[in-house]
Amino acid sequence: MSTDQDKLITELVEKGLTGDMEPINSIEDRVLRSKAKAALAKAKRAAKSQETAEPKKKKSEEKSSDDLPSSVNLNEKIVYMINEKFSGSLANENTETHIQLKSDQWFEIATWLKSEPSLFFDSLQCQTGIDVGDNTLEARYNFHSMKHNHYTEIRIAVPRKEATIPSVEQIWRIADWFERETYDMLGIEFSGHRDLRRILLPDDWEGWPLRKDYLVQETYHGIVVPKMKEGWE
Amino acid sequence: MGVVHGEEMVLNIGPQHPATHGVLRLQVRTDGEVVSEVTPYLGYLHRCFEKHCENVTYEQVIPFTDRCDYLASMTNNFGYVVAMEGLMDIKVNERVEHIRVIMAELQRIASHLLGLGAFGLDIGAFTPFLHMLRDRERILDLFEMTCGARLLYNYMWVGGLSHDLPVGFVESTYRFLDYFEPKIDEFVKLLVHNKIFVERTADVGRLPQDVAISYGVSGPNLRASGQKWDLRKDDPYSIYDRFEFDIPVGEGGKGSVGDCWDRFYVRVLEMKESIKILRQALSSLPKEGDVYQSLPKKIRPPIGSIYKRTESPRGDLGYYIESDGTNIPYRLKMRSPAFTALSVIDEIAAGWLLSDVLAILGSLDIVLGEIDR
Amino acid sequence: MKRYFTDIWATLTTILGGMGITLVHLIRARNDNVTLQYPEERWPRPERNIGFEHSNYNVIRSRLHVDMDDCIGCLKCERACPVDCIKIETKKAPNRGEDIKDIQHIGITTNGTRKAMVVTRFDIDMTECCYCNLCTYPCPEECIFMTGGPNAKKHPIDYEFSEPDRSDLIYRFAKPGTKEGIEKIMSENKAEV
Amino acid sequence: MTVDFIFDFLNQFFTSLAGNEFLLLVAILLPCVVLFGFITIYALVVIYTELKVSSFIQDKVGPMGQGVGIHAGKWGLLQPIADALKLLSKEDIIPSSANRPLFVLAPFMIFVGAFISFVALPFGDSIIIADLNIGIFYILGIGSLAVISLILAGWSSNNKWSLYGGMRSAAQIVSYEIPAGISLITVIMLAGTLNMQDIIIYQQGGIFNWILFDNPFIPVAFVIYFISALAETNRTPFDLPESESELVAGFVTEYSGMRYAFFFLSEYANMFVVSAVAATGFLGGWQSPFPNALNSPGWGVFWMMGKTFFLIFIMIWIRWTVPRLRVDQLMNVCWKVFLPIGLVNIFGVAIWTVLFG
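Residue numbers (the numbering used here), protein chains in the order written: chain A, 49 to 281; chain B, 20 to 392; chain C, -14 to 178; chain D, 2 to 358.
One thing to keep in mind: the hints can contain errors.
Here are the computed lysine-lysine pairs in the DSSO-like style, where the Cα-Cα straight-line distance is at most 30 Å [as the list claims (entries may be wrong)]:
| id | chain 1 | residue 1 | chain 2 | residue 2 |
| --- | --- | --- | --- | --- |
| 1 | B | Lys208 | C | Lys(-13) |
| 2 | A | Lys125 | B | Lys295 |
| 3 | A | Lys260 | C | Lys72 |
| 4 | B | Lys273 | B | Lys202 |
| 5 | B | Lys208 | D | Lys61 |
| 6 | A | Lys125 | C | Lys72 |
| 7 | A | Lys195 | B | Lys295 |
| 8 | C | Lys(-13) | A | Lys275 |
| 9 | C | Lys160 | C | Lys72 |
| 10 | D | Lys61 | D | Lys75 |
| 11 | A | Lys275 | C | Lys76 |
| 12 | B | Lys316 | C | Lys160 |
| 13 | B | Lys70 | C | Lys61 |
Since the hints were derived computationally from the structure, they do not count as laboratory data.
The following block holds chain A by itself, in its conformation from the complex (with noise of 0.2 Å):
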């Protein structure tokens, strides 16, 4: 690769962050053109996470000056509610998608969560976990409201190494199936689950399926896993 290609790339990148994407879809050169491409969509990514990181303290600021508007969306609301109560469970303050949150008074907020009227959050829609990278673990929840017709997400990320989150088992009786199956695909221990086993895998199966780092196991039961598809030589 010559230095001048380089060159060029950075230019056009620069460019093409600026909203310009004329000079990039000019170049002739297939290879030079997806070359482009993809460095400005890598640039496009690290700017996005910049940005996220950085309005967020504005936001939070301007929250505690007013008293909660009516006109806030449901997120903000619960974020000011829960700063309220649990002061300190909040891992950051963006509240545009979903509300991060720390592990450690989940159970309690998940309670409140239910119990609290205005929000009446009965129904734990959907409850996942991912892998987001860096060593951290990700369990979401996505929480509605029979009664209010309104939704919500959380987020609770947690270290690999000691990827424990408090069960809400107890309060959402169909979290004992979805945390089983979190827990089966991703590892995550939920403390409190009362009957926390694996629940789509086999009971000796070995590894966190979903997990970016997992790897195919070599054997099972004796049985050699095919890596080549038999016929294909």
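Position chains B, C and D against the provided structure of chain A, taking the given hints into account.
For chains B, C and D alone, kept in the frame of chain A given last:
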């Protein structure tokens, strides 16, 4: 004289058993005929759907969604494409929306037909089952006419459809609806009001409303418990807000609200509502419109996540999609309605007789492909 | 007491009503029956014409077929397959767009594309195919299709293609001897140079 | 057609062997062979009927074919024979943990129970193997024998489903003996005899002399008897012992091949027995429905068979219409509905006979 207690026996219903609708194992603790505990063991049909999805592109996920709930492939496709279009902010044209609704409602009827028939079979009525299958075949014919496949369609694509409607589809569908409507009444007369059937199902396996919500039970099972909750009305997606239809709710017609009979009858009524929607959608189907119009060149959704729910024949079908900006999903979770419906079995089946456990299992209308994924 | 007798009455009437319905079906068996006498009668093939070109494509989900004379070896179908049941290997053709008689390679497709590649291997494992039709859409030459496609006359729709040996269901579409042939030609070319 | 009759006939024919015990043996075995052949052919016919009736009800065509060979004959007429051959040629599996002697014994016992009931059934004017003076009582008694073999089959299989099936069938058959017996008592009261032939002779003189139409209480008794008969023969809606969607196959879960065929055969044989008893007791047996026509001995056989097959057809018809009862409801129906109504019915019949008879 008190209740006589005998020796307890552990009985395995399944994985191969005529009434488990797939490969499910229910470990049942029984005292004579009375069942004290039901423990489901899942995973016999686990095909690593979610792991697969992390290794194939977004468009290649669709054939796998077909195979999750193999009795309602269209609605599974539908849920996925609605979620993906939400993530990518794609708007599809009117014709596509109409065709999707038509397909989804036909699929709902087909799925309910099999569910009801199989429930009848669990109770011991063989004839209604075959009558249901006979009518279901007609719907499958319509699907085959449209996309060539009878069971696993891969019909709805992100931003469009794989094929336009064939010539004569609308007429054939009208013909089917005219044929099918009287058949529902015949079925109701033959089985639903049959006294033996009522005795077997009324008051059996009552699922109270709050328990149902806590267990995440959704769809017809939740509606049978008295909760008026249908995503087509309460959180409308696609163009469902344009159609007029009712949400049938369990009223305890033969016993109490939320019993097996209600779960059964709600499905019967839902088929009638689907026919209503179908007639409206067919009459307002736009003649013009390219089904490939808004098909994206490359499916690369922006970074972010979405949780989108749609109403599948079995309940709230949710897709949780996390995208990292590439053409491969970073994480895809399917919240299957049958999974949540099965989790409630111990709660409502304990204390009933062995025959009732199987009736309750049948009334929940589960599909193991969707539970195990 | 009243309930006792109404229950008995309801039982009798509903069962007799049900028996009436089944009797009607029994009597009208000749009109109602939906059975197909399978080996003698076949399911009518769905008639429709839609696809890439609305006039000549039947939507059928059946076994895949590849028209090798049109295949340019672009690997798009291999990439589209969600279950990896297509395996293609190609060799660069010595001269773009020219026929090579020895290995029956035809240089120009019916669409007029000049081939740059010689397809030495084109295997489809029909035991793994999930009939999703995804491979047929990206094909620029419309040369891979479920049978009943553009060349419907040559390949009748056939849902019954069971084989006694599983390996017989791996369809090998590349013309026999292509691989050896092209290698030989290449080595000869090298020798000449 | 009693044994004595055949023995006399043989004595006259083989004068050199007259009075020999060998001839007596032949005289005993001959009706048995004829009867066995009859049951086999009858079972094939009824299995075919059941296949066809169920198919027609379900909008299918049932077994069909154009000819012998890969197809089961014209209209599938050879289907039951093919089924029988298949069952006979199948591997006979005895589970290793089953109680072998009892497991082997059970299917034969149940068949013997059904078989010996046929002895007392009147097929025609004088066509009866053993004209017992307690015929109806004998058949009811022998009918209960099935319980033992069903329990035997359920228990010896060493399978939980079989055990459930066996237990259910025991409870069911024992319970339903009672309403069946009680409703037949009304017949015996009217006819004043336990002899099958005498009961039929009592109903001489056309359709209005049949016991069924004797007084308004008898149809109730007939319905109770018929439904109890369904329960005794394990037919839907009372097929709990072998309910395929609950107990896999109930007491026959572990049986295969020949032994399974015996259970199958005896179920159909039992159907014939209970239908024939109903035809005898309520529908005039081999009597013609017309007072002075079609009542020669040949027509007698026809009427008897016609009535029996009609009842068997109704059994098949019910089977493909209704769902299955639950085990506690089964008992409820027996003890809370049939028994009280049956008892009241006896009084009703008695009072009616005293007042109008």
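Against the structure, the hints:
For the given pair, lysine 208 (chain B) sits about 24 Å from lysine -13 (chain C) by alpha-carbon distance, which is consistent with the 30 Å threshold. The suggested pairing of lysine 125 (chain A) with lysine 295 (chain B) is violated, with an alpha-carbon distance near 40 Å, which exceeds 30 Å. Restraint check for lysine 260 (chain A) and lysine 72 (chain C): the C-alpha separation of about 27 Å stays at or below 30 Å, so the hint holds. Taken as a hint, the lysine 273 (chain B) and lysine 202 (chain B) pair is honoured in the structure, with Cα atoms around 22 Å apart against an allowance of 30 Å.
Of the supplied pair hints, the one linking lysine 208 (chain B) and lysine 61 (chain D) holds, its CA atoms being roughly 20 Å apart against a limit of 30 Å. Simply put, lysine 125 (chain A) and lysine 72 (chain C) have alpha-carbon atoms about 55 Å apart, too far for the 30 Å limit, and the pair is violated. A hinted pair counts as satisfied when its Cα atoms are at most 30 Å apart, and lysine 195 (chain A) with lysine 295 (chain B) qualifies at roughly 28 Å. For the given pair, lysine -13 (chain C) sits about 72 Å from lysine 275 (chain A) by alpha-carbon distance, which is inconsistent with the 30 Å threshold.
A distance of roughly 15 Å separates the Cα atoms of lysine 160 (chain C) and lysine 72 (chain C); the hinted pair therefore holds under the 30 Å criterion. Distance check on the hinted pair: lysine 61 (chain D) and lysine 75 (chain D) sit about 16 Å apart at the alpha-carbon level, within 30 Å; holds. For the hint linking lysine 275 (chain A) to lysine 76 (chain C), the alpha-carbon distance of about 26 Å falls within 30 Å, and the restraint holds. A C-alpha spacing of about 33 Å is found between lysine 316 (chain B) and lysine 160 (chain C), which places the hinted pair above 30 Å, so the restraint is violated.
Distance hint between lysine 70 (chain B) and lysine 61 (chain C) is fulfilled; the C-alpha atoms sit about 23 Å from each other, no more than 30 Å.
The structure fails hints 2, 6, 8, 12 (numbered hints given earlier, in ascending order).
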